[in-house]
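Add chain B to chain A, keeping to what the hints say.
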Amino acid sequence: MKKPHDGNDASYVQKVSQETNRYVRDLLADNERVRSVAAALEAEVAVLRREVDAARSAMERRAQDEARMRRQLASLEHEGGRLSERYLEVEEQNANLANLYVASYRLHGTLDRDDVLEAIREIVANLVGSEQLAIYSTRPDGGALELATSIGVVPEPPATIAIGHGLIGASARDGKTYLFEPSGDPDRLPHERDLTACVVLKLDGVVTGVLAIFRLLPQKSSFGALDRELFDLLATHAATALFCTELAGTAVAQRSARG
Amino acid sequence: MPDKKKKILLVDDSKTVLMMEQMILNKAAYELVIANDGRQAIAKANDEHPDLILMDVMMPEMGGFEACAHLRSVEATRGIPIIMVTTRGEAESIEKGYASGCSDYITKPINGMELLSKLKNYLGE
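Top line first, the protein sequences correspond to chains A and B. All residue numbers for the first sequence refer to our numbering, where the first residue is 1089 and numbers rise by one. All residue numbers for the second sequence refer to our numbering, where the first residue is 1093 and numbers rise by one.
It is worth saying that the hints were derived from the structure and are not from the lab. Any given hint could turn out to be false.
[What the hints assert, rightly or not] No farther apart than 27 Å at their CA atoms in a straight line, the calculated lysine-lysine pairs in the DSS-like style are these: (1) A:Lys1290 / B:Lys1107; (2) B:Lys1188 / B:Lys1212; (3) A:Lys1308 / B:Lys1212; (4) B:Lys1212 / B:Lys1107; (5) A:Lys1290 / B:Lys1188; (6) B:Lys1136 / A:Lys1308; (7) B:Lys1097 / B:Lys1136; (8) A:Lys1308 / B:Lys1097.
Just chain A, same shape as in the assembly (with noise of 0.2 Å):
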């Protein structure tokens, strides 16, 4: 059976709507301030957004310059090492003008045919790479070569080679300058065996005599562009130097004659 309502009752039920109406208010101004904190980390989530898309950007404009940098050293080490390149040319084309300025001016240094003949050997020895050598003069008749000195060569070669005889002979033939690899040919004449170059002397076009080269010193395994250069310049040079001698030993002569 329903109890009936009293004035406790009432006083209850006014006190739990109380409570709820003071529940509820708080409820609300506690979801307020969720809501307050949920727009402001809402807002802040939307600068921080804007914000890693302004550093994505810095990060690729970052790769995109890293890139063109990476590309430009790439560029300046590939002109570097080329500019290198280029200045060990020029540094061995100075090298090469020195040893033919050098070879030149001992040549043309004197009127006395025996410093002539070690200003040759000089040059073969100290700029070509050899202590063994020949110089044969062309005979006044032109039929053979004659042995004017030689240095370093054992057994001494021979005194005379006719024109066209032998390797040595063959390069005053045919004027040209020949260079070989030493050989244990056996067609090779004896005296020829270790012979690496014939170098034509000429003047004017005519075989004066031949510088012939024998074996190469030890760490020189070949001849390079600077020794085919320097035999050019020994090929004409020599021939003129060696001819001034004569005139100048001629002239002197002329001129003890006259008293």
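Then chain B, alone, in the frame of chain A:
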């Protein structure tokens, strides 16, 4: 104030070699002193106090190895770097050079770049 030029004593009896060395080294702005044999080299090393000696092996009067050994035996010249210029590149010749007290060697025909590189190394450049 500009650096004082380094002084190099060139020792060789060959005019061709001396001229070649002078052409290579003048370009690099060194002060050069010349001697034509081992005895002259010893005298000039004492008088001129070079920073480095570039010396041929085969010379009249006194050869490079003998001069090198003498320079090493004297307090005043003991510390000077000596680079020998040798015709022979074989091990025996090189060992003989080091035994005489040389610092290094180069072989003929002289390569200008190699010579400059070795000089700069010993001159601390």
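- Query: Lys1188 of chain B and Lys1212 of chain B: Cα distance at most 27 Å?
  - Reply: The given pair, whose Cα atoms are some 24 Å apart, holds under the 27 Å limit.
- Item | 27 Å limit on alpha-carbon distance, applied to hinted pair Lys1290 of chain A and Lys1107 of chain B | holds, 25 Å
- Hey, Lys1308 of chain A versus Lys1097 of chain B, does the alpha-carbon distance stay inside 27 Å? Outside the cut-off at roughly 34 Å; violated.
- Is Lys1097 of chain B close enough to Lys1136 of chain B, meaning Cα to Cα at most 27 Å? holds, 17 Å
- Item | Hinted pair Lys1308 of chain A and Lys1212 of chain B, Cα distance within 27 Å | At roughly 25 Å apart (the allowed maximum being 27 Å), Lys1212 of chain B and Lys1308 of chain A satisfy the hint.
- Query: When you check the alpha-carbon spacing of Lys1290 of chain A and Lys1188 of chain B, does it fall within 27 Å?
  - Reply: The given pair, whose Cα atoms are some 42 Å apart, is violated under the 27 Å limit.
- Within 27 Å, alpha carbon to alpha carbon, are Lys1136 of chain B and Lys1308 of chain A? Judged against 27 Å, a Cα distance of about 33 Å means the pair is violated.
- Item | Holds or violated: Lys1212 of chain B to Lys1107 of chain B, with C-alpha atoms at most 27 Å apart | Holds. Lys1212 of chain B to Lys1107 of chain B sits at ~24 Å (cutoff 27 Å).
Against the hints set out earlier in the document, violations occur for numbers 5, 6 and 8.
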